[in-house]
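Peer 1: Assemble the complex: chain A is given as a structure, and chain B must be docked to it using the hints.
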Amino acid sequence: MITYLDAIRSAMDEALGRDPRVFLYGQDIGSFGGAFKATKGLAKKYPGRVMDAPLSEDAIVGIAIGAAIEGMRPIVEMQFADFSTCGFNQIVNHAATLFYRTEVSCPIVVRLPSGGSPGGGPFHSQSMEGLYAQYPGLVVMTPGTVEDAYSMLLDAVTIDDPVIFCEHKFLYNHLRAEELPKETTPIGKARIVRHGRDVTVVTYSAMVHESLAAADELREDGYQVEVVDLRTVKPLDTDTVLASVARTGRLLCVSESFPWGGVSAEVIARVTSEGFGLLDAPPQRLSAKDTPVPYHPNLWSSHRPTANAIASALRRLLEM
Amino acid sequence: MSSDRGRETAPRTEYLKAYRVMLMARVLEEKLSSLYRAGHIKGGVFLGRGQEALSVSVGINLRKGDIYAPLIRDQAGRMAFGDTALDTLRTYLGSQLGSMRGRDGNIHRGRPREGYYAMISHLGAMIPTVTGALLARRFRGETGVVGATCIGDGGTSTGAFHEGLNAAAVEKLPLIMVVANNQYAYSTPNDRQYACADLLDKAAGYGVAGHDVDGTDLGACLEVLGKAVAAARAGGGPQLIVGRLLRLVGHGEHDDASYVDPALKASHVGRDCLKVAEDYIVENGWATPEEIASWRVEAKSEVDVTAAKVLREPAPDPNEEEWMAISETRLQDNFAA
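Top line first, the protein sequences correspond to chains A and B. Per the UniProt record's numbering, the first sequence starts with residue 1, numbered consecutively. Per the UniProt record's numbering, the second sequence starts with residue 1, numbered consecutively.
Okay, chain A solo, but in the shape it has when bound (with noise of 0.2 Å):
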């Protein structure tokens, strides 16, 4: 059985052996192995390709863009999505800068380990896909299965662009697949994981299991749940999203991150706007709470969404 965690490794172990201008950098990456482990072993079989980097998210993305700029093609590793805040700039103003104003690319892959896991607390727990899916100039992935994150990290290090690449720490050793993928969804398209005719859900990354435990208990009431995995939240699949829209007539959007602005905002907005007519009730959202994510298991177990939350958010829009 594959992991979640198998297969990011996977994906990062066969860009090393593949291209020689890719690179892993990032705190305790090197023989340690990451802090999750997601490199363990590549150390070794990439002599001087994956670096422990000083304790400096700044200088890490900073050193990737000069890098790319010099025609390499590196990965590097924010140990958690939360540390990310401390390489913001060089990420939104710099790296995501760079093509349009100087048409040179930059071709960088930030992995942000990102979500919440029991005991992870307020610094070891944010999803930040909604912050930088904001920025021009930026992809944004959000992977929610072991076929997408290896198939999407894979494409990810191709790609000219510079890529935000947020994988979720609750799924690395929780989510196992029976092998890797020989196919892949391209990126930007969005997957209809589960049809069904009277209700869509629209999420991506961890929801999107949670979402379909919502979905099953909601068929016990009769109801089909269309879901709808994101994918990749920039660009976002707008297409998809409203002909699934067009086909249910209602729509609820389930994220972990923050409840103000974020990517379910956007895709309401996109509905909205572009799909009015297709809509039998208003749109709604489910999002984590408006506080830090909290430590203990008990607050943050209802911190952000679970299937419970989901299914009752859906029988109250299906009663609409």
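In case anyone wonders, no lab produced these hints; they're calculated from the structure. Mixed in with the good hints, there may be bad ones.
[Stated by the list, open to error] Derived BS3-like pairs: lysine-lysine, alpha-carbon spacing no greater than 25 Å straight-line:
no., chain 1, residue 1, chain 2, residue 2
1, B, K227, B, K172
2, A, K45, B, K172
3, B, K275, B, K300
4, A, K44, B, K172
5, B, K31, B, K309
6, B, K64, B, K172
Peer 2: Chain B alone, transformed into the frame defined by chain A:
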């Protein structure tokens, strides 16, 4: 640490070449100032007056294949590295034909493919960037290249300065880190900027070689930069150079610099490096004051002709603009109009 040993060693040809670039940069900036006052320049204008000797000494010591990420007051260094009056004017005036095509302006210009990086405004950011570029060169097995980047006294307080210099030191990369200690970061004087005795102390803190230089003295700057660049090229790791000088203008042309302490202006650091270099040339009999005056006329004429040409060039057209922030068109987000 090498000390400031003054003016005796720079050879005549190098000195004169550097002086001519300084003079061109000064004349060009005088034109930029006048275009700004006439309302032709939309954004800010930031001049390097008082910093030309240090700046030109960086650019002149770099070769094709090196990397250079200059700072806002580095017009002289930029020109020594190959930047032209034409592209400077095009960028400041927002010409469609400039290297930034009106998408970015003034001192943010560059040609990254040619090793001439286009800075962002967030000071210090280019230090890790150049460090990464040097790492890439090392991956490719290139030796003997250096990367130079510059900061002011204010920039040494930013995280990027510390993170970048530290990372370069850990990797023993050939980074030339030039600090123009021009006494003020915008209006903030040194005693509100840092509390260490000397900015050069930061070199020891990161395990990098440090060099102090009188930034008003072209000969000293050429000598110290020459030594530092050679040391980095030879594998000596990062080199921190701190030039002592005074910014002789405001932060930008919008700033009258009324906060500058008159005692500093009257002190050694307040000397105009261009005038100091001219006196040195004349004292040594390398040129007469008349020859220097004719060089200035020549520079002015070239700048005036170039400015007149650029003023007639097309501005960017929003209807022709591609409005693409990424290079891969297939990944362009499809917003509704």
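Peer 1: Could you run down the list of hints and mark each one as holding or not?
Peer 2: Hint check results:
no.: 1; hint: B:K227 / B:K172; in the structure: holds (17 Å)
no.: 2; hint: A:K45 / B:K172; in the structure: holds (24 Å)
no.: 3; hint: B:K275 / B:K300; in the structure: holds (17 Å)
no.: 4; hint: A:K44 / B:K172; in the structure: holds (22 Å)
no.: 5; hint: B:K31 / B:K309; in the structure: holds (14 Å)
no.: 6; hint: B:K64 / B:K172; in the structure: holds (22 Å)
In this structure, every one of the numbered hints holds.
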